[in-house]
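From first to last, the protein sequence lines stand for chains S and P. Just so you know, we're using my numbering here: the first sequence kicks off at 1 and counts up by one. Just so you know, we're using my numbering here: the second sequence kicks off at 1001 and counts up by one.
Worth flagging that the hints you see were computed from the coordinates, not collected in a lab. There could be a bad hint or two in this list.
[Unchecked claim] In silico negatives: residues of chain P with every beta carbon more than 10 Å from chain S: (1) I1013; (2) R1062; (3) A1081; (4) T1084; (5) K1108.
[Stated by the list, open to error] Simulated DEER-style distance windows between Cβ atoms: (6) P:G1016 <-> S:K64: 44 to 54 Å; (7) P:N1030 <-> S:V62: 20 to 30 Å; (8) P:Q1014 <-> S:H85: 42 to 52 Å; (9) P:G1016 <-> S:V62: 35 to 45 Å; (10) S:K14 <-> P:E1055: 48 to 58 Å; (11) P:L1061 <-> S:A2: 42 to 52 Å; (12) P:G1040 <-> S:S15: 16 to 26 Å; (13) P:N1052 <-> S:A2: 41 to 51 Å; (14) S:H85 <-> P:G1016: 45 to 55 Å; (15) P:E1053 <-> S:L74: 27 to 37 Å; (16) P:G1040 <-> S:K55: 28 to 38 Å; (17) S:G61 <-> P:R1080: 32 to 42 Å; (18) P:G1016 <-> S:T31: 41 to 51 Å.
The beta carbon of each residue, even a glycine, is placed where N, CA and C say it ideally should be.
Residues per chain, in single letters:
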Amino acid sequence: GAVVSQHPSWVICKSGTSVKIECRSLDFQATTMFWYRQFPKQSLMLMATSNEGSKATYEQGVEKDKFLINHASLTLSTLTVTSAHPEDSSFYICSAPPRGAVAYNEQFFGPGTRLTVL
Amino acid sequence: SQQGEEDPQALSIQEGENATMNCSYKTSINNLQWYRQNSGRGLVHLILIRSNEREKHSGRLRVTLDTSKKSSSLLITASRAADTASYFCATGGTGKLIFGQGTTLQVKP
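Construct the entire structure; sequences and hints are all you get.
Structure (structure tokens):
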């Protein structure tokens, strides 16, 4: 199946700093990517939809100025957590449906990025 | 917001036994998917069942879907220690997935 990578796999940062997480589709193009957040022992919650060439769309309750999303190319989306605080510590996972996928809900997930804010 | 509930929240069985987990959802769906997540890792797609299907098999997995009850079940037969993981159902429209709360399965060797 298609491969989605994330970088870094884990990051520890100080409160107040910004952290950038990359999501790449390695062997297919993705005009849309999705960013999820997962707190310990909880399910995944959709944060935002990243759209290549246009602005991201955010789910209700997700601050767009805090979680900056840039879909720079058909294979790369980045999520920047700005002015991170301990409550932002979480597991961030991206997913991507292949461009032109017949079954649009066919998605491939990255391995996730563990963010710890001290 | 979460689509629905999964039960049980946690399940512990012996290797070789079958594991059944259930998922309920709230809205109409086109399909329902099941994913597995090993601790601290990403998600692995297991199986997708469409709304016009009632049952689907993949290896040791069997998924059923009852759209009248808005529920689905995942059966893992002849479980192995390697099946220890969290299992999530997910529904979605326009590509966005909404996940259930998940069932944590522990298979004891």
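G1016 of chain P paired with K64 of chain S, Cβ distance criterion 44 to 54 Å = With a Cβ separation near 50 Å, G1016 of chain P and K64 of chain S satisfy 44 to 54 Å, so the hint holds.
Do G1040 of chain P and S15 of chain S keep their Cβ atoms within the hinted range of 16 to 26 Å?
-> holds, 23 Å
Holds or violated: is the Cβ of A1081 of chain P farther than 10 Å from all Cβ atoms of chain S?
-> Given a closest Cβ separation of 21 Å, the condition holds.
Verdict for G61 of chain S, R1080 of chain P (Cβ pair) under range 32 to 42 Å = holds, 39 Å
Is the nearest CB of chain S more than 10 Å from the CB of K1108 of chain P?
-> holds, 20 Å
Given the range 45 to 55 Å, decide if the beta-carbon distance of H85 of chain S to G1016 of chain P lies inside it.
-> holds, 47 Å
Does the Cβ distance between K14 of chain S and E1055 of chain P fall inside 48 to 58 Å?
-> Holds: the Cβ-Cβ distance is about 52 Å, inside 48 to 58 Å.
Return holds or violated for the Cβ distance of N1030 of chain P and V62 of chain S against the range 20 to 30 Å.
-> holds, 25 Å
Holds or violated: 42 to 52 Å for the Cβ distance of Q1014 of chain P and H85 of chain S?
-> holds, 43 Å
Distance restraint hint 42 to 52 Å, applied to the beta-carbon atoms of L1061 of chain P and A2 of chain S = The hinted range 42 to 52 Å is violated for L1061 of chain P and A2 of chain S, with Cβ atoms some 21 Å apart.
Going by Cβ atoms, does T1084 of chain P stay more than 10 Å from chain S at every point?
-> Non-interface label on T1084 of chain P holds, nearest chain S Cβ at 15 Å vs cutoff 10 Å.
Return holds or violated for the Cβ distance of G1016 of chain P and T31 of chain S against the range 41 to 51 Å.
-> holds, 45 Å
Checked against the numbered hints above, the structure violates hints 11 and 13; every other hint is satisfied.
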